[in-house]
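Just so you know, the protein sequences line up as chains A and S, in that order.
In our numbering, each residue carries its 1-based index in the first sequence increased by 38.
In our numbering, each residue carries its 1-based index in the second sequence increased by 54.
Keep in mind the hints are simulated off the structure, nothing from the lab.
All C-beta atoms, glycine included, are put in the ideal place defined by N, C-alpha and C.
Treat the hints with care, since some could be wrong.
Non-contacting residues of chain A with respect to chain S, defined by C-beta distances greater than 12 Å in every case (computed) [stated by the list, open to error]:
| id | residue |
| --- | --- |
| 1 | Ile-49 |
| 2 | Glu-82 |
| 3 | Ala-119 |
Derived EDC-like pairs (lysine to aspartate or glutamate); straight-line CA-CA distance at most 20 Å [claimed, not checked]:
| id | chain 1 | residue 1 | chain 2 | residue 2 |
| --- | --- | --- | --- | --- |
| 4 | S | Lys-160 | A | Glu-97 |
| 5 | A | Lys-153 | A | Asp-56 |
| 6 | A | Lys-41 | S | Asp-113 |
| 7 | A | Lys-149 | A | Glu-55 |
| 8 | A | Lys-149 | A | Asp-124 |
| 9 | A | Lys-41 | A | Asp-60 |
| 10 | A | Lys-76 | A | Asp-60 |
| 11 | A | Lys-146 | S | Asp-92 |
| 12 | A | Lys-41 | A | Glu-64 |
| 13 | S | Lys-71 | S | Glu-124 |
| 14 | S | Lys-125 | S | Glu-107 |
| 15 | S | Lys-160 | A | Asp-93 |
| 16 | A | Lys-149 | A | Asp-60 |
| 17 | A | Lys-76 | S | Asp-92 |
| 18 | A | Lys-54 | A | Asp-124 |
| 19 | S | Lys-125 | S | Glu-84 |
| 20 | A | Lys-108 | A | Asp-60 |
| 21 | A | Lys-41 | S | Asp-92 |
| 22 | S | Lys-111 | S | Glu-124 |
| 23 | S | Lys-160 | A | Asp-67 |
| 24 | A | Lys-149 | A | Glu-53 |
| 25 | S | Lys-123 | S | Asp-110 |
| 26 | S | Lys-119 | S | Glu-133 |
| 27 | S | Lys-111 | S | Glu-84 |
| 28 | A | Lys-149 | S | Asp-92 |
| 29 | S | Lys-160 | A | Glu-82 |
| 30 | A | Lys-146 | S | Asp-113 |
| 31 | S | Lys-125 | S | Asp-110 |
| 32 | S | Lys-111 | S | Glu-133 |
| 33 | A | Lys-108 | A | Glu-97 |
Covered stretches of chain S (in silico footprint by chain A; criterion: 3 or more residues with CB under 8 Å from a CB of chain A, positions within the stretch not fixed) [stated by the list, open to error]:
| id | stretch |
| --- | --- |
| 34 | 95-101 |
| 35 | 164-170 |
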Amino acid sequence: AQKVTQAQTEISVVEKEDVTLDCVYETRDTTYYLFWYKQPPSGELVFLIRRNSFDEQNEISGRYSWNFQKSTSSFNFTITASQVVDSAVYFCALPNYGGSQGNLIFGKGTKLSVKP
Amino acid sequence: EAQVTQNPRYLITVTGKKLTVTCSQNMNHEYMSWYRQDPGLGLRQIYYSMNVEVTDKGDVPEGYKVSRKEKRNFPLILESPSPNQTSLYFCASSSLGSTGTEFFLKQFFGPGTRLTVL
Numbered sequence: 039a040q041k042v043t044q045a046q047t048e049i050s051v052v053e054k055e056d057v058t059l060d061c062v063y064e065t066r067d068t069t070y071y072l073f074w075y076k077q078p079p080s081g082e083l084v085f086l087i088r089r090n091s092f093d094e095q096n097e098i099s100g101r102y103s104w105n106f107q108k109s110t111s112s113f114n115f116t117i118t119a120s121q122v123v124d125s126a127v128y129f130c131a132l133p134n135y136g137g138s139q140g141n142l143i144f145g146k147g148t149k150l151s152v153k154p
Numbered sequence: 055e056a057q058v059t060q061n062p063r064y065l066i067t068v069t070g071k072k073l074t075v076t077c078s079q080n081m082n083h084e085y086m087s088w089y090r091q092d093p094g095l096g097l098r099q100i101y102y103s104m105n106v107e108v109t110d111k112g113d114v115p116e117g118y119k120v121s122r123k124e125k126r127n128f129p130l131i132l133e134s135p136s137p138n139q140t141s142l143y144f145c146a147s148s149s150l151g152s153t154g155t156e157f158f159l160k161q162f163f164g165p166g167t168r169l170t171v172l
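Just chain A, same shape as in the assembly (with noise of 0.2 Å):
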């Protein structure tokens, strides 16, 4: 079955450290995408990146840098230099492509406060 698993309930730093959002998936399919969203104090939800599974190179996008690893089945994001406005629950996603349903299967999410 399609399942995410984001372990870290809450995290909080302190503004310029660099944290970790963890991400653990389970898939039957061989290829497949994987998903980081945004959702800041204000509710909506905010697209960060999509992955594909056939690329395993790491991304990097200014403060925000996401790792990769089939192995290990994890799709972890990095932020660096944090700042209070990174401040947000962050959610990881699978496709569930089982039938038509089309569904984003999400981890239960991270929330992130990052303090002055």
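Mind docking chain S on chain A? Use the hints.
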């Protein structure tokens, strides 16, 4: 601007009083979906629709109805709301893509509707 809109954004109601949360997208997407988000549970799919007049249950459909009479709209109906339906609701839409299976390349989410049932 490409977007998914939801109304209302906030709603407080009482048990048993029928309500509808509207969802509309302007991207001509075939696929639309409703999720609910609860603390510690992440987002879970309620219903989805592959196209006009085609709807199906997601993982947590009990107590909800949907309809898809037009491509752009996908309302969520709570015929008799109960307190356990207090939640944050998201509508999402996506193109099916050239192969009909590319839902996931980018799902657009609405801003969310925070519902409280007393």
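Structure-based check of all given hints:
{"no.": "1", "hint": "Ile-49", "in the structure": "holds (15 Å)"}
{"no.": "2", "hint": "Glu-82", "in the structure": "violated (5 Å)"}
{"no.": "3", "hint": "Ala-119", "in the structure": "holds (28 Å)"}
{"no.": "4", "hint": "S:Lys-160 with A:Glu-97", "in the structure": "holds (18 Å)"}
{"no.": "5", "hint": "A:Lys-153 with A:Asp-56", "in the structure": "holds (13 Å)"}
{"no.": "6", "hint": "A:Lys-41 with S:Asp-113", "in the structure": "holds (13 Å)"}
{"no.": "7", "hint": "A:Lys-149 with A:Glu-55", "in the structure": "holds (16 Å)"}
{"no.": "8", "hint": "A:Lys-149 with A:Asp-124", "in the structure": "holds (10 Å)"}
{"no.": "9", "hint": "A:Lys-41 with A:Asp-60", "in the structure": "holds (14 Å)"}
{"no.": "10", "hint": "A:Lys-76 with A:Asp-60", "in the structure": "holds (14 Å)"}
{"no.": "11", "hint": "A:Lys-146 with S:Asp-92", "in the structure": "holds (9 Å)"}
{"no.": "12", "hint": "A:Lys-41 with A:Glu-64", "in the structure": "holds (5 Å)"}
{"no.": "13", "hint": "S:Lys-71 with S:Glu-124", "in the structure": "violated (25 Å)"}
{"no.": "14", "hint": "S:Lys-125 with S:Glu-107", "in the structure": "holds (9 Å)"}
{"no.": "15", "hint": "S:Lys-160 with A:Asp-93", "in the structure": "holds (17 Å)"}
{"no.": "16", "hint": "A:Lys-149 with A:Asp-60", "in the structure": "holds (12 Å)"}
{"no.": "17", "hint": "A:Lys-76 with S:Asp-92", "in the structure": "holds (16 Å)"}
{"no.": "18", "hint": "A:Lys-54 with A:Asp-124", "in the structure": "holds (11 Å)"}
{"no.": "19", "hint": "S:Lys-125 with S:Glu-84", "in the structure": "holds (7 Å)"}
{"no.": "20", "hint": "A:Lys-108 with A:Asp-60", "in the structure": "holds (14 Å)"}
{"no.": "21", "hint": "A:Lys-41 with S:Asp-92", "in the structure": "holds (17 Å)"}
{"no.": "22", "hint": "S:Lys-111 with S:Glu-124", "in the structure": "holds (18 Å)"}
{"no.": "23", "hint": "S:Lys-160 with A:Asp-67", "in the structure": "holds (19 Å)"}
{"no.": "24", "hint": "A:Lys-149 with A:Glu-53", "in the structure": "holds (15 Å)"}
{"no.": "25", "hint": "S:Lys-123 with S:Asp-110", "in the structure": "holds (14 Å)"}
{"no.": "26", "hint": "S:Lys-119 with S:Glu-133", "in the structure": "holds (8 Å)"}
{"no.": "27", "hint": "S:Lys-111 with S:Glu-84", "in the structure": "holds (16 Å)"}
{"no.": "28", "hint": "A:Lys-149 with S:Asp-92", "in the structure": "holds (13 Å)"}
{"no.": "29", "hint": "S:Lys-160 with A:Glu-82", "in the structure": "holds (16 Å)"}
{"no.": "30", "hint": "A:Lys-146 with S:Asp-113", "in the structure": "holds (15 Å)"}
{"no.": "31", "hint": "S:Lys-125 with S:Asp-110", "in the structure": "holds (15 Å)"}
{"no.": "32", "hint": "S:Lys-111 with S:Glu-133", "in the structure": "holds (16 Å)"}
{"no.": "33", "hint": "A:Lys-108 with A:Glu-97", "in the structure": "holds (14 Å)"}
{"no.": "34", "hint": "95-101", "in the structure": "holds (count 5)"}
{"no.": "35", "hint": "164-170", "in the structure": "holds (count 3)"}
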